[in-house]
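There are 2 protein chains.
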Amino acid sequence: MTDSLSRRKFLKASGIALGSTTLPVTPLIAEAATAKALASNPPEATRILANWLVESEWRDVPEQARYEAVRSIFNWVGCCLGGARHQTTDRAIAALAEFSGKPEASVLGRTERLDILHGALLNGITSHVLDYDDTHLDTIIHPAGPVASAILALGERLGTSGEDFMHAFILGVETECRIGLAVYPSHYERGFHITGTAGVFGAAAAAGKLLGLNEQQMIWALGIAATQSAGLKEMFGTMCKAFHPGSAGQNGLKAALLASKDYTSSNGALEAQEGFMFTYSDEQDFTQVTDELGRRWEVEKNTYKPFSCGIVTHPIIDGCIQLRNEHGLSAEDIEKVSLRVNPLVLKLTGKKTPQTGLEAKFSIFYISAAAIIKGVAGPNQFTDEAVREPQVVMLRDRVEAVADEAVSEEEAFVSIVLRDGTVLDRHVEHAIGSVQRPLTKEQLELKFADQAQSALPLSQVEEVMALCWQVEGLTDVGEVARAARAV
Amino acid sequence: MTDSLSRRKFLKASGIALGSTTLPVTPLIAEAATAKALASNPPEATRILANWLVESEWRDVPEQARYEAVRSIFNWVGCCLGGARHQTTDRAIAALAEFSGKPEASVLGRTERLDILHGALLNGITSHVLDYDDTHLDTIIHPAGPVASAILALGERLGTSGEDFMHAFILGVETECRIGLAVYPSHYERGFHITGTAGVFGAAAAAGKLLGLNEQQMIWALGIAATQSAGLKEMFGTMCKAFHPGSAGQNGLKAALLASKDYTSSNGALEAQEGFMFTYSDEQDFTQVTDELGRRWEVEKNTYKPFSCGIVTHPIIDGCIQLRNEHGLSAEDIEKVSLRVNPLVLKLTGKKTPQTGLEAKFSIFYISAAAIIKGVAGPNQFTDEAVREPQVVMLRDRVEAVADEAVSEEEAFVSIVLRDGTVLDRHVEHAIGSVQRPLTKEQLELKFADQAQSALPLSQVEEVMALCWQVEGLTDVGEVARAARAV
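The listed protein sequences derive, respectively, from chains A and B. The working numbering numbers the first residue of the first sequence as 285 and each following residue consecutively. The working numbering numbers the first residue of the second sequence as 285 and each following residue consecutively.
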C-alpha cells in the first residue's frame with residue numbers, strides 16, 4: 285500500500301501520463317495483457333475490465349454465482365417494497381416525479397411509474413432507506429441497490445429475459461465490488477460512501493451489457509460513470525444516504541445510454557493519473573480489477589442483513605439477542621451493558637443520544653438496548669417513536685462501549701451485568717447473516733414478507749416472491765416490476 | 285495550508301466529529317458567528333453561507349457585480365449557441381431526449397425543448413463544448429455553465445423576472461467560486477475538474493434562491509449538491525469535459541428541487557470531517573467561504589475567452605498573433621518557435637501530435653502553430669480537419685516548449701526564429717481577455733455573433749443579443765430562452 289502511495293507521488297511529480305494508450309485487447313490475450321500491464325504498472329485496468337464485460341457469456345457464470353445472484357435480487361425486491369412508503373421516498377417523488385418522462389419503469393411497491401432514469405433513482409432509494417439491504421463485507425458496498433435499480437428499469441423497458449437480467453446483474457456486482465476492492469479501505473476512510481462511488485460503475489457495466497455495448501463503448505460507459513462518481517459518508521443519518529445507491533443507479537444507467545450513442549470518454553478512467561483510483565483514493569490496487577476475471581465471483585460473497593441497520597453493529601445485536609433469549613432478560617434486570625468492539629463501530633455508530641429513527645441507526649448504544657428489550661432490530665425499531673420509548677432510553681444510557689483494535693470487524697464482545705451481580709458474557713465471532721452464517725431461504729422469505737406487507741397485500745407479496753425465485757426463467761423481467769406495483 | 289493538512293490528520297486520528305451542531309445563525313449575528321467559528325475551527329461554513337444566500341436582497345448587489353453578471357450571461361448564451369450543433373450535443377440528445385419529461389426548457393440554438401433537468405444538462409454541455417466560455421482565473425472555474433444552465437431552465441418554467449434571475453446567478457457564481465477558492469489548488473491537483481465539482485454548489489444555490497428555499501432547506505440543497513459533486517480532469521480531450529458543467533447544472537437543480545420538498549441532508553456538508561472539503565481536498569481554507577460575504581463579489585473577476593481553448597494557452601496565443609500581425613509572418617518564413625511557459629501549460633496541453641479537434645485543444649504545439657498561420661484561435665481551428673492541415677502540422681513540429689517555474693500562469697514568452705536568422709521575441713504579461721485586459725462590449729458581440737450564426741439566422745442572433753443585454757429589465761427571463769431556439 286505504501287508502494288502505491290509513493291508510486292502516486294512519483295507519477296504526479298514526474299508528470300507521466302497514464303492509461304490513455306489504445307492497444308486492443310482480445311479476450312484470448314487478456315490474461316497475458318494483465319501480466320504485462322502489471323509489469324509495466326499500472327495496467328490498462330479499464331480496457332481489460334471492459335473487454336471482459338463485453339465478451340462474458342451466460343454459460344461462463346458458475347452455479348454458485350447464479351444461486352447467490354437470485355438471493356440478492358430476491359432480497360433487493362423485498363427491501364424496495366419495505367422502503368416504498370418511507371417519507372424519504374415520498375419526498376423524492378414529490379420533488380421529481382413531475383419532471384419524469386415516459387412512464388416505462390415501475391416504482392416497486394407504489395402506484396407511480398416513471399421514466400427509466402427516475403425509476404432507477406427511486407428504486408435505489410427505496411432499497412436502501414431502511415438500511416436493510418445486502419452487503420459485500422470486504423468493501424461494505426451494498427451491491428444490489430445501484431445495479432438492480434438501473435437494470436430492472438431498463439429491463440422493463442426492453443423486455444429483457446430473466447437470464448440476460450441475471451447475467452448483467454452479476455457482471456455489475458463484479459464491477460462495483462472489484463473497483464471497490466481496488467481502493468478500499470483508503471477511499472472509504474477519506475470520506476466517500478463507497479456504495480455510491482463504486483456503485484455507479486456497477487450500474488453502468490450492467491446497463492451497458494443489456495444495451496449490447498461494444499468494447500470501446502463499454503470503456504466509455506465506465507468513464508462516464510467515473511466522472512459522475514459521488515457520495516459522502518457525512519450524509520449518514522440523513523435522507524441522502526439512501527439517495528446514493530439511487531443516484532449511482534440513475535447515473536450509471538445514464539452513462540451506458542450515452543456510451544451507446546458514442547458519447548466519448550477517457551480510455552483509462554480507472555487507472556489514469558487523474559482518473560478515479562488516484563483521484564478518489566490515496567492507495568490503489570489495480571490487480572483487484574484485472575486479476576482472475578471470470579474465475580472468482582464477488583456476488584458469491586454477498587450477504588443479507590437480518591437487522592435493518594449498519595452491518596458493523598450486527599455482531600453486537602446478535603450477541604444481545606442471544607443473551608436475551610437464553611436468559612429471558614428484561615430491562616429491569618439489567619444494571620449495565622458493556623460492549624467491546626472494533627473501532628469502526630464507534631466511529632460509525634457512536635451517537636450517544638439519538639433523537640430520530642434515522643439517527644438511531646448510528647447509535648450502538650440505542651441499538652443494543654433495543655435489541656435486548658425487543659429481541660429484534662427491524663424497521664420498527666428505527667422509527668422516531670421507537671427511539672423515544674422511555675424503557676429503551678433508560679437502558680441505552682446504561683450501555684458503555686469500548687473500541688479495541690484487537691477485535692475484528694466481524695466479531696464483538698457483549699457483557700451484561702445484572703442487578704443481582706450476575707455477569708453474562710457472549711463472544712460473537714460471526715453475526716447471523718454473515719458469509720459464515722448465511723440466512724436460509726426461509727429467513728429471507730420472512731424478512732421479505734415482513735417488509736413487503738407495508739406496501740402490498742399478502743397475496744400479491746407471495747406472487748412477487750415466487751416470481752423473484754423464478755427470475756432466471758422469465759421471458760420478460762418486467763413481470764417482476766409490474767407484479768410489484770401497488771394498485 | 286500545511287496547518288490545514290495537519291489539522292485534517294489530527295482530526296481524523298482523534299475521531300472528532302465536526303460541523304454537525306445545529307445552532308441557528310440569524311443574519312445579524314452572521315459576522316460574529318464567523319469570527320467565533322473561526323476561533324473554534326472549523327466554522328459552520330455551510331450554515332453561514334446558506335443563511336447569507338437566503339437573506340441576500342437584490343439591492344445589496346453592487347453595480348460592478350451586476351455589470352459583470354450581464355456580460356457573463358451574454359457570453360454564456362453566445363457559447364451555448366456556438367456549441368448547439370456540435371457532435372457532442374447531438375449525441376447527448378440522441379441518448380437522452382427520449383427520456384425527457386414535460387418540454388419546459390429550451391435547448392438554446394436547437395429545436396428541442398426538454399424537461400428542466402435535461403434542459404440544464406444540455407445547455408451546460410453546449411456552453412462548454414467549444415472551450416470558449418468564461419473563466420474565474422483564481423480557481424479556473426468556468427462559472428456561468430453550471431449556474432446559468434440550471435436557472436435559465438428553471439426560470440423559463442417559473443416565468444422568473446430578469447432581476448431575480450440576475451440575483452440568483454450572482455449568488456450561484458459567488459457560491460461555486462468561494463467553495464472553489466476554499467479547496468484550490470489542492471483539490472484541482474488531486475484530479476478533480478473544479479467546474480464540475482464546485483459548479484454543482486453554485487447551481488444548487490442559484491436554483492434554491494429562485495425556489496425561495498428557507499435557511500434549513502438551503503443547507504440541505506448545498507448538502508445534496510455536495511454528495512453529487514463529481515468531474516475528473518482525466519476527461520479533458522473527450523466529450524465528458526463538456527458534460528461536467530451540464531451535469532453540475534442538472535444535479536444542482538435537482539438538489540434544490542429535493543430540498544424544496546424537505547429532502548434532508550447533512551447540516552455541515554462543506555466543513556464536516558467527512559464532508560466535501562476534507563474528502564475532496566488535502567487542504568482547505570474555510571474563510572474563503574465565510575469571509576466578507578456581501579462585501580466582495582467573485583463575479584466581478586469573471587473573464588471571457590477570446591480563444592476557444594484552455595485559458596492557460598492564451599498568453600502564448602496572444603503573443604503569437606501579435607508577432608504574426610506586426611511582422612506579417614507566414615509559415616515558410618519560420619525556422620523554429622520556442623515557448624517558455626508556466627509548468628501547468630505543458631501539464632495540461634502537452635500533447636505533441638494531436639489527431640482530432642478535441643485533442644488539439646490540449647496541444648500548445650498545435651495551438652501556437654495555428655495561431656501564427658491563421659491569426660485566430662476560434663472554433664474553426666479546433667476541427668478534425670484543421671488539425672490535419674499539412675502547413676500547420678509542419679510548423680507544429682517546429683515548435684518547442686520549455687516549462688519554467690519562474691513564469692507565472694498569466695504570462696508567457698514567445699520566441700520565433702526566422703529562416704533568415706532574425707529572432708522575434710514577445711513577452712505577454714497578461715493575455716487579452718484577462719481581468720487586466722478585458723474584452724470590450726464590441727469584442728464580446730463579435731465573439732457572440734461568430735458563434736451564434738452556426739445555429740441561428742443573423743436577424744435572430746441580433747434579437748437574442750439585444751435581449752441578453754437587457755436581461756435585468758425583463759419581466760420573464762424565459763424570453764431569452766425562447767428567442768434563442770432554432771425554428
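Just to be clear, a hint being listed does not mean it is correct.
No copy is singled out in the list; a pair is fine if it fits within one copy or between any two copies.
Capping the alpha-carbon separation at 30 Å, the derived lysine-lysine pairs in DSSO-like fashion look like this [said to hold, decoys possible]: (1) K635 to K620; (2) K545 to K635; (3) K620 to K725; (4) K585 to K631; (5) K725 to K545; (6) K725 to K631; (7) K620 to K636; (8) K386 to K545; (9) K725 to K386; (10) K635 to K386.
Hints were generated in silico from the structure; no laboratory data involved.
So, going through the hints one by one against the coordinates:
1. K635 to K620: Answer is within: at 18 Å inside a copy they meet the 30 Å cutoff, but 67 Å across does not.
2. K545 to K635: The answer is between: 27 Å across copies meets 30 Å, while 47 Å in one copy does not.
3. K620 to K725: neither (36 Å within a copy, 75 Å between copies)
4. K585 to K631: Within. Shortest intra-copy distance 25 Å satisfies the 30 Å Cα cut-off; inter-copy 42 Å does not.
5. K725 to K545: Intra 42 Å, inter 39 Å, cutoff 30 Å: neither.
6. K725 to K631: For K725 and K631, the Cα distance exceeds 30 Å both inside one copy (33 Å) and across copies (56 Å).
7. K620 to K636: within (15 Å within a copy, 71 Å between copies)
8. K386 to K545: Both: 20 Å inside a chain and 23 Å across chains, each within 30 Å.
9. K725 to K386: Close neither inside one copy (37 Å) nor across copies (44 Å); limit 30 Å.
10. K635 to K386: Intra 43 Å, inter 44 Å, cutoff 30 Å: neither.
Comparing the model with each numbered hint stated earlier shows that hints 3, 5, 6, 9 and 10 do not hold.
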